[in-house]
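S.K.: Assemble chain B with the ligands onto chain A, guided by the hints.
First to last, the sequence lines map onto chains A and B.
Per the working numbering, residue 1 is the first one in the first sequence, and the count goes up by one each step.
Per the working numbering, residue 1 is the first one in the second sequence, and the count goes up by one each step.
These are computed hints drawn from the structure, not numbers from a lab.
Heads up, none of these hints are tricks.
Residues on chain B that point at chain A, a partial pick, calculated with CB under 8 Å:
1) Gly20
2) Met113
3) Gly115
4) Leu146
5) Ala153
6) Asp183
7) Val185
Positions of the beta carbon are idealized from the N, C-alpha and C atoms, including for glycine.
Given next are the chains, with one letter for each unit.
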Amino acid sequence: MPLYRDDAIVLRTHKLAEADRIVTMLTRTRGKVRAVGRGVRRTKSRFGARLEPGMRVDIQCYEGRNLDTVTQAETLDTWGDVIARDYTSWTAAHAVLETCDRLTEEHEPSVQQFHLLAGALASLAEGAHEPGLVLDAYLLRALAVAGWAPSFVDCARCGDPGPHRAFNIAAGGSVCRVCRPPGSAAPAPETLELLAALLTGDWAVADGSGLRYRREGSGLTAAFLQWHLERQLRSLSFVERA
Amino acid sequence: MYEGAVQDLIDELGRLPGVGPKSAQRIAFHLLQADSDDVDRLVTALTEVKARVRFCTVCGNVAEAELCRICADPRRDPSLICVVEEPKDVVAIERTREFKGRYHVLGGAISPMDGVGPNDLRIKELMTRLLGGTVEEVIIATDPNLEGEATAAYLSKYLRELHVRVTRLASGLPVGGDLEYADEVTLGRAFEGRRLIDA
Ligand SMILES: [Zn+2]
Ligand SMILES: [Zn+2]
Numbered sequence: 001m002p003l004y005r006d007d008a009i010v011l012r013t014h015k016l017a018e019a020d021r022i023v024t025m026l027t028r029t030r031g032k033v034r035a036v037g038r039g040v041r042r043t044k045s046r047f048g049a050r051l052e053p054g055m056r057v058d059i060q061c062y063e064g065r066n067l068d069t070v071t072q073a074e075t076l077d078t079w080g081d082v083i084a085r086d087y088t089s090w091t092a093a094h095a096v097l098e099t100c101d102r103l104t105e106e107h108e109p110s111v112q113q114f115h116l117l118a119g120a121l122a123s124l125a126e127g128a129h130e131p132g133l134v135l136d137a138y139l140l141r142a143l144a145v146a147g148w149a150p151s152f153v154d155c156a157r158c159g160d161p162g163p164h165r166a167f168n169i170a171a172g173g174s175v176c177r178v179c180r181p182p183g184s185a186a187p188a189p190e191t192l193e194l195l196a197a198l199l200t201g202d203w204a205v206a207d208g209s210g211l212r213y214r215r216e217g218s219g220l221t222a223a224f225l226q227w228h229l230e231r232q233l234r235s236l237s238f239v240e241r242a
Numbered sequence: 001m002y003e004g005a006v007q008d009l010i011d012e013l014g015r016l017p018g019v020g021p022k023s024a025q026r027i028a029f030h031l032l033q034a035d036s037d038d039v040d041r042l043v044t045a046l047t048e049v050k051a052r053v054r055f056c057t058v059c060g061n062v063a064e065a066e067l068c069r070i071c072a073d074p075r076r077d078p079s080l081i082c083v084v085e086e087p088k089d090v091v092a093i094e095r096t097r098e099f100k101g102r103y104h105v106l107g108g109a110i111s112p113m114d115g116v117g118p119n120d121l122r123i124k125e126l127m128t129r130l131l132g133g134t135v136e137e138v139i140i141a142t143d144p145n146l147e148g149e150a151t152a153a154y155l156s157k158y159l160r161e162l163h164v165r166v167t168r169l170a171s172g173l174p175v176g177g178d179l180e181y182a183d184e185v186t187l188g189r190a191f192e193g194r195r196l197i198d199a
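The following block holds chain A by itself, in its conformation from the complex:
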């Protein structure tokens, strides 16, 4: 049976039989992969905590007909373990991992999604920014990579240079006076500025933003995400916000 080796981040796990686990991972070169970790739930398992959500591992598997099987795993980054000690960061990490699971496909490589995920988890583990901001930055960028880039400055419909006052999720973000569909929202200009900063990675602006705008921004980001995902994201409602 063919063996392969890859750089992988564990997205989630499911219990299987007595002591096994199905491990869903995003790999750097072969997209999402589902593999069985035999005996991982035993306390003496040689895999230990390596195959848990948020861990980055150098993985070796052999291909199976339905599921692959993990034969070796070496830890590259223990992000998941660090994050689990801080409840707020951990709830944000779950939303990141669940979103990634929903936006990626098995055997469809997406190196950009891999780097985004790695960056978000590393940032949560480091604790350099407020976890809610890291989450929203990740969600906006992951949606952009998936082809659903929101616009926070120019009109999402006609491209008319902004900033514009009106905002419409279904239309794709900021909309000009002409394009504005009825029922569009009018978020605070500071909120749109924050979201634009999160999308482009301008952390100086994001870190300096006010709590009120962060809250409004999270609401708009969540609405954007739900608009594009068919099913509700389970973890989003459990995220502890500042």
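M.R.: Using the frame of chain A, we list chain B with the ligands on its own:
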């Protein structure tokens, strides 16, 4: 697919945790060939467990009365509460004979991805027990995996506000194993939980 009753049994068995379609089929045919007495005993055990066993109103452990055996025992120290995920963890800790306090069974661990939040566990019941003032220490013994760790982080964050001592079961190296085979996380935690050796 099999005829009616056999397929119904396979379907029901297949809904049990850890039982795949192949195992379900194997168990079903084992039962078909078994003595009627053996099957009757199994049926009785299943009916009895649903009729007699319930959950302790205080700690959430399995019980055959209002209170479980441990909560009803006056010799158990009421100032110590050990928090675990499942009733089977109570059994595991009881086997050590190390712990003389009482338990609190959460009914799982927090897992946002699976839709399990703090309100889905018996956390409010735990808080209520602590308000009485008799509890001095809460020992968190959730599973030594990331969900268990995060649940412990959540509990310690909110329990500290109630001014009780919160401790976490040390997660260290498996006894009987070789150090070189321990993974980095286990080894790291073992370092954190190191203790002074009495000279
Ligand atoms: Zn326009
Ligand atoms: Zn009890």
